[in-house]
Structures are given as C-alpha cells and as structure tokens.
Amino acid sequence: MSTITAMVRTIRETLYVPVFKRAWPIWAGVLAFAITNILMAAFARGLGVFPQMSMWGASILNAIGIDVEAPFTPYPVTPVHLDLHSMINFGIILGVLGSALIAREFKLRTDNWRGYAQGFLGGALMGIGTVMTPPCNIGGFGTAVMALSLSGFLMAVGLVPGAYLGAKLLQWQSNRAIDKIDFKDAPVQVDTGKYRSSRRPLLGWFVFLLIFVAVVIYSVYDRSNFAVLLLFGALFGIIFQRSRLCFAAGFRDIFAARDTKLLRWILVAEMVGMIGFSILKFNGFIASDHFVFPTGINSIAGGFIFGIGMVIAGGCGSGILWRSAEGYVRHWFAIIGGMLAAGSWVLLYGAKVGEGWLYGPKVFLPDVFGWPGALVVGSLILIVFYIILVLVEVKKKNG
Amino acid sequence: MGKPVSCKLEDGSYCIDLRGWMCPYPKYMLEPIFQKLPAGGGKVTLLVDCPSASTDVPEAARKQGYTVKEVSQVNDGEWQVVIEY
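Heads up: the sequence lines are chains A and B, in that order. Numbered per my numbering, the first sequence spans residues 1 to 399. Numbered per my numbering, the second sequence spans residues 1 to 85.
If you're looking for bench data, these hints aren't it; they were derived computationally from the structure. One thing to keep in mind: the hints can contain errors.
As the list claims (entries may be wrong) - Facing chain B, according to a computed beta carbon distance under 7 angstroms, are these residues of chain A, among others:
(1) Arg114
(2) Ser174
(3) Arg244
We put the CB at the ideal spot given by N, CA and C, even for glycine.
Given these sequences and hints, build the entire structure.
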C-alpha cells in the first residue's frame, strides 16, 4: 500500500503539479505551441481562430435579417456544431476553462462599461485587421511565418507600431487611475484576505470530461476529424493558459516596456515551426499554399489596425478566446466586436477576403527563392528581428 | 477598470486593491504607485486578480530595483504581491 501511495505522490509532484498547478516557463509554452501547431497542420490545418469567428459574426447578422456572406471563402456560413474549423475555437475555450479551474485561476472578472466598450472596440479593430491582413495575429503572423508566407513577415511590420500605440493608451489609463489615489489618508484595513479551499479544481476535471464526451459523440457520428480538432484546440488552450503565452503581450511590450523576452521566445517558436512546416510542405504532406496569404500594403495596414485592437482588447484573436474562458467579461465583448466587424466585411468592402483592389498577390517564399533560399531568407529575417529585440533590451539596461 | 482602492495596514505598510484591472495594467501601474507612496520606505501589498500579474508584477518590481517579499494566492483567481520599497 505504501508503494502505491508513494507512486501516487510521485506522479502528483512530478507530473500533475508542474503541468496543472504551476505556471509553465515560457520556453516550454512556445515549444509546445510550435510542435502542436506542426502536428495539427500534419493532421488537418495550422492554427488560426479569427476566420471561424468571422463566420460566426456573419451567421449572427444573417439571423437578425442582415444578409451577408462570410468574409473568408473557405469558411462559409455553417451551423457551428457542423463546422470543422470552429472545433479548434471551442476546444481552446473548453481547454482553458478546465485548466484555469484546476489551477484555481478562474474568476468571473466583471468590468465597468468603459472596460466593455474598450473590449468591444478592440475586438472590432481586430475584426477589421483580420480581414485586411489576413487573418489574425497567430494565423496571419505566427502560422503564416512558419508556412513561409511573405505576408506573415509583413504583418509584423504593422503589428509592432500598432501594439505600441495601444500600449501607450493602456499606460496613460494606468497613470490616470493611480493619479487619483492617495495612500497618506487611505482607510486602515487590517486584513487583505485569507486563502480558502475550493472545489473548483473538481469542476475543471468535469470540463475535461465534457470535452471527452464531445469527442466520443463526434467519433460515433463518423466525424473523427471534428473530435481530433476539438482535442487539438483543448491542447492549445491548456498550453496558452498554463504558460500565459500571449502574442499580443509579446508585441505590446517591445517599446512600451522595453521588455522583449516573450517575443524573442515566440521567434524561437517560429523558427521551430518553420522547419516543421517546411518538412510537411516539401514532402507534399500539406498543400504548398497552406497558410499563404495575399501580400502587400494590406498585410502591413491590417497588422497595424490589428495591433492596436489586440492591445486595447487585452488579447489577440486566440487571446480573447482563452481569456474569455478565464472569466474576463471584457473579452466576451471583444469576441462580439470582432465577430460582428469581421462578419460584416463583405457588406463594407463589397467583396470577400483576397478579392479586389485591397489585396496583393499570395507570395510563397520557396516559389521566389527556391527551398534552400526561402529557408535562408526566412531564418535571416527572424534572426535580424531577434537581434533588434536584444538591442532594444540592452539599450534600456544601459539607460 | 473601476477606481483602484488604496488602504493602510499600519504605519509604513500600505495596500492597493487592483482587482478588476486586467493585465498588463497592474504592471504598468507599478511605477506611478511607487511615486505615490509616502516617502521613507516601507511595504506595499498589491491585490491583483490577473494570473499574469502574479509573475509579471514581481518581475517588473525587481527590475525597478525593489525587493519582492511575498507572492501568494489569496483566493480563486486572486493573488497578493508584497513589495518592499
């Protein structure tokens, strides 16, 4: 009996606690992200979450009598439970909810109307950015760079100043809020709170059980690919939640706080992902134009608008999804703003994403430089970006 | 985004309730908070409810040259960070 108790304790201390209770180091998070993205691409597709949300937005508009097509051609209006791509988003939401409950990090975080309005506006800006770029930060930058699409690199050019502007607004709000408080005449308070036990971790395991039930149902009804994408989404959710991997934060703090650690790790993930995606594409396991998007001024301008939006909303496309599952009500408004803005794109612009005057051609780097050349160019851009980030950080330390 | 609430625990020991302020607000608020605290040094306890703040607030405080005395979870989704200034 004592052997079993000792084994259970060992599993608890060396697996359960580090994975589900303690925050993961960021390097573990980015590597898990890159590897999971490669595996999901090998199975079905790379990670991106906003085109699905745009489809949800168009569905809502249709339901209230506004006739509009979904902006992304591969994502036509479909009931969400029958939409393969939406499984990733639902998986992320459920994975984060379970993981946050187990770690006791879930809390219903309400805000005032200003917070909700800011969330909605940030979401709407991201919605516009996502159809212009296209698509969102993780899909349009993260996965597109891995997929050697020139658009991904150009999106970063717009994301950096956009995120900086957004951060300046948040810093101004922070200073203004603290300016109003006073410590000298503050009321006396003896206790700041006591740690109480909670049953929420059990609830977290119940959420994981729900994911399992959904997986079984989809498999029984001959939709195993739905089940697998739901599981991949949940895995991404756990990775984001446990490692606090947030692409918006990575771009936000480059110049605003001169903190580049997170983005530098994201670039490492990009390099790993680029190798993985290249192997898949080179061998013909996935289409060579998978996650290759229209490239041009639209990539930079879309990235800029998306950059502002993701910072004032408090997360990029997947960021607002996974934070909404941690109980942030502001992010629920950001999702609504993003869905509706992107969902109404065909009405606003008159054509779908990738069509018309706004969008440049799709540029797949191996088509331009050949495979060796494309990998060298892609790596060099990442390395130069990394060095610039190190320089920004070092300059700060030297004052 | 409600008004942050300041309080005093005892002389030289202050607290500020930043619950409801998502990340990165608590991190960005550190510098103005230290400017506002009464001169002469002491302790400040920050009450935050953003999971990232339990790591990035202590990190930012250390970068600004302060000593972090304690980081502890006080409730579901709530943490307190005690910093010496």
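Interface hint compliance - Arg244 (chain A) to chain B, C-beta minimum distance less than 7 angstroms: Since the shortest Cβ distance to chain B is 5 angstroms, the answer is holds.
Residue hint Ser174 (chain A), partner chain B, criterion CB-CB below 7 angstroms: The hint holds - Ser174 (chain A) has a Cβ within 7 angstroms of chain B, the shortest such distance being about 4 angstroms.
Restraint check, 7 angstroms cut-off on beta carbons, for Arg114 (chain A) near chain B: This hint holds: Arg114 (chain A) lies near chain B, its Cβ roughly 5 angstroms from the closest one there, short of 7 angstroms.
In summary, this structure violates none of the numbered hints.
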